Amino acid sequence: MKKASLFLIPITLFVLLSVFLYKGLYGDPRQLDSTVLNKPAPNFALPDLMQPDVIYDPSIFAGQVTLMNVWGVWCVTCAVELPYLTELSQQGVRIIGLYYDQDTDPDFGIKSIPTIQKEVAAKLAQLGNPYEFNVFDVKRDYSLDLGVTGAPETFLIDKQGVIRMHHIGDINTRVWRTKIAPLYNELIAQ
Amino acid sequence: MKKLILLFVLFTSPLWALEEAYTFDDPVKQKMFLDLTEELRCPQCQNQNIADSDAMIAHDLRRKVYELLNEGKSREEIVDFMKSRYGDFVSYQPPVTPLTIWLWLLPVIFVIGAAWFVFTQRKKQVNDFDEDVLAKADSLLEKEND
Amino acid sequence: MFAELGHFSLVLALLMSMLLSVYPMWGAYKNQVQYMALAKPLAIGMFLFTAISFGALVNAFYTDDFSVAYVANHSNSLLPWYYKITAVWGGHEGSFLLWILIFSIWTVGVAVLSRGIPQAMVARVLSILGMVAIGFYLYLLLASNPFESLLPFYPVDGRDLNPLLQDFGMIIHPPMLYMGYVGFAVAFAFAISALLSGQLDSTWARWSRPWTLAAWCFLTLGLSLGSWWAYYELGWGGWWFWDPVENAALMPWLVGTALVHSLAVTEKRKIFKSWTVLLAISAFSLSLLGTFLVRSGVLVSVHSFASDPTRGLFILAILGVVVGGSLVLYAIRAPQLKSIGRYEWFSREVMLIGNNLLLTAATIVVLMGTLLPLVHKEIGLGSISIGAPFFNQMFTYLIVPFVLLLAMGPLSRWKKQSAKAIQKQMLIGFVISVCAALLIQASYNQMTYMATLGSILSVWILVSTLQEIMQRVAKENNKTSSSTTWQRLRRLTPSHWGMVLGHLGFAVTLIGITLVSNYDQEKDVRMRTGDVVEISGYVFQFNGVRELTGPNYYGHVGIVDVYTDTTLTEKITHLEAEKRFYPVQRSSMTEAGIDSGISRDLFMALGEQLNDGAWAVRIYVKPFVNWIWAGSIIMALGGLLSISDKRYRMAKVAKVKQRLSGEQTATATSSDVLATKAQGQA
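If you're matching them up, the sequences are chains B, U and Y in order. Numbering-wise, the numbering used here puts 139 at position 139 of the first sequence, and it's gapless, one number per residue. Heads up, the numbering used here is the position in the second sequence plus 1000, with the first residue counted as 1. Heads up, the numbering used here is the position in the third sequence plus 2000, with the first residue counted as 1.
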């Protein structure tokens, strides 16, 4: 005669499992934690998109709170985001762009720099230009170092050049107010 | 000098043309490339490794693996490189932590535990039976074995 | 109008299931025949109304009725008619209707094909099936109704079926898979009714076994079809990805395999009863869990349907009631089940249970591997991935003891097997399989541990199966010396041959997996017209690309010819691979060009066009890959043979009963007598 308690194991395990399944329903399984948080921005030496002889490195972050926005002209959501970002920049938020180009689109694959510059200029003229300048991520290596998986994504970097937030997706009024602004204001005050 | 090279690269090369067909002269490296691209996960896709995915990020990661292999990096170094940028999520081989260790322990403990249980149960039953009934059952079973 | 008819019909089916849950169960409890007799007509009614509902949905697709939201989302007027019908189960709501249709088919099957089983038992089984069905009908009607209307505004045309699903595989894989998935509900219902009535003798195991085997056969084929489909459709030459949805279908199969064997032990030896009941509950519970995982959005998968927390919650509730309820019942009633058999530690039953434990361990591996990322994240420890490297590693460890027991089991006697007697056969098996493994390695000119291991294991199964047949045939010799070997072979039962084929099929699949995993060759190259590449002794020449137009797509066809050598004189075959673009869904897809053979597949897929006019082409040579699926067909055939065995012919059993006892209703004693008699005949 087996101990009755042994027979309680299956139901116990099932209840435990159900708790996690229930919690899982309300989480987003595709949401990833950023690995670069609270670390200084990785090193880089990349040219300005519009003036290729100007080379930037992490010193561009020193002394100011920066919003670094990863975008491209091919990205539809980025276009939706541009007007709002422009508004923010006019309110004094320092925004720089990390231009992230797409080469898998057959139309783009053999595009040259001057063509890209023209397209970017046209887009920014049309929707607004929030960027102090655009860093051109030539081989998309810097995006890889940052753990970028697509566009748009935005990094909030403090005065010491430490990455404090990695936001995936576009920025709109709600996102700004609830998620980014509180930390931004805190960092400005430091 | 670095500036010059960069400028040169920018103005003369077609902008990162479609890259396919990563080949190595060394077959060992070729195998490592295949293994790594199957082990590394595309961070943006619905559960695909970077070998099978068409997403831009998968392209980038494949290219990076190719570059790192050509630089002579080992398998561990390449996986660590990716993990430091995308987290443990990017590898299909789970890390060994106090929680994940159960992935390996639980099946083993189950088999050993259940087997032990079966054997101890067997011992308990041995003493309960009427010998005549047992003998009859045994002879029936003999026929059963045919 | 027909769509509304379908909707209404579904409500009627729900009504039937509610009545089915109550009356027969009450009748069994109070031993009132008129209520128990209601089970069959109610089951038939439930099936008929569900079928009408399904028919209405099929009609809606066939006639392009875009006023129905589901049709508008998954079909298009340009879609070929056979894909319009397939699109019925191309999305969440419709596939769930297919699920419940198949459930009602199994229910009506039990109602109609159970003449040899006592009425009270059948009544309980059908009631339980009815109870489970209620949950699903409610879910369909309340949370994911396929008949939802877009009226008064409806689109001119639909959004088309996902191009990946516009394929032959989609026509057969889901129905076959669901037949298996859902079929385990019958074994579940038998287990629950046994727990409820307190009657769990070996005849219960006998009645459950054909139903379980049937479900297992379908699931084997369904899984295999899914694997084969992924292989030729996705263009990457892979055939199993350990994706959560695949795992969700594998787990019931593993438990189902354990269950089929456990039922055999319980039937013959009357032991391990509570374990067998637990397995029966688990198999269907895992099916339900799989349904939850696929439709709730809890896990990331290429197969998932669009997700919604409320839908997931509803299914979780069903899971809670069905699985939770059954496990509570188990905790209460199972301790009362007594197993009275005796066995030595070295005996057939121990080996069977040993493999049961290994199969269960494999299920635990898959379950944990699939769910731990979720748990890890919910606890707050971040995201991890568990995939092929882990699963392959664990399965490789588990398969070694598994095959050893598989080789020994059929050669062993019930209750007690002398280790010495079996030693010689095992030694022969080991030697032959090592030799075979070395031969195989030599023919490929390449030695790997995994290939060696896999080859040894597969050949060993083959050898031991042959040894078992020889042993059976030789035994018969002791009784009558005048029969020939052929006569003796013919006396072996279908059930025995079922076992032989089942194990043989497994060996075939195993050798296929071993060889293709270790010896496949892949080349990813940029080719211009006329370029040549050599792989594994085959020479592939790229002969350019031509334009292509289809009913609802356009694109390119890449052409490759295969020769025996670089002189390009002796042509082996001609391969064409397509790259299609579907404008309605704005997505592209590849169709691989495959030359299938018994000993290898030549696989070619077209990639992107490169900037210098060349194309990226992927070419694979995959040795023995078709053995993977051929093996599963052999296994399913084995299952079919086992079901066809005379002792499961319920009608015959019923007639024998009538002759023996002269009574209409079976009592406990006569079924025992029958069991002994049947055992003597087997």
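Because the hints were derived from the structure by calculation, they are not lab data. Bear in mind the structure is a predicted one, so any value in this text is a computation, not a measurement. Glycine included, each C-beta is placed from N, C-alpha and C at the ideal position. Hints should not be assumed to be uniformly reliable.
[What the hints assert, rightly or not] Derived coverage of chain U by chain Y (criterion: at least 3 residues anywhere in the stretch with Cβ under 8 angstroms from a Cβ of chain Y; other residues may be distant):
#1 1059 to 1071
#2 1084 to 1097
#3 1104 to 1117
[Unchecked claim] Derived DEER-like restraints, expressed as beta-carbon distance ranges:
#4 Y:Arg2546 to B:Gly27: 43 to 53 angstroms
#5 Y:Leu2640 to U:Thr1120: 34 to 44 angstroms
#6 Y:Thr2493 to U:Arg1075: 23 to 33 angstroms
#7 B:Pro114 to Y:Asp2064: 44 to 54 angstroms
#8 B:Val175 to Y:Ile2044: 29 to 39 angstroms
To see whether the hints hold, each was checked on the structure:
1. 1059 to 1071: Violated - the region 1059 to 1071 of chain U has 0 residues with a Cβ nearer than 8 angstroms to chain Y, which falls short of three.
2. 1084 to 1097: Since 10 is at least three, the answer is holds.
3. 1104 to 1117: holds (count 8)
4. Y:Arg2546 to B:Gly27: 43 to 53 angstroms: Holds, since Arg2546 (chain Y) and Gly27 (chain B) (Cβ atoms, about 49 angstroms apart) stay within the stated range.
5. Y:Leu2640 to U:Thr1120: 34 to 44 angstroms: holds, 39 angstroms
6. Y:Thr2493 to U:Arg1075: 23 to 33 angstroms: Roughly 53 angstroms apart at Cβ, these two residues miss the hinted range, so it is violated.
7. B:Pro114 to Y:Asp2064: 44 to 54 angstroms: 50 angstroms Cβ-Cβ, so the 44 to 54 angstroms window holds.
8. B:Val175 to Y:Ile2044: 29 to 39 angstroms: The hint (29 to 39 angstroms, Cβ to Cβ) is violated, given that Val175 (chain B) and Ile2044 (chain Y) are roughly 57 angstroms apart.
Hint violations for this structure: numbers 1, 6, 8, all remaining hints satisfied.
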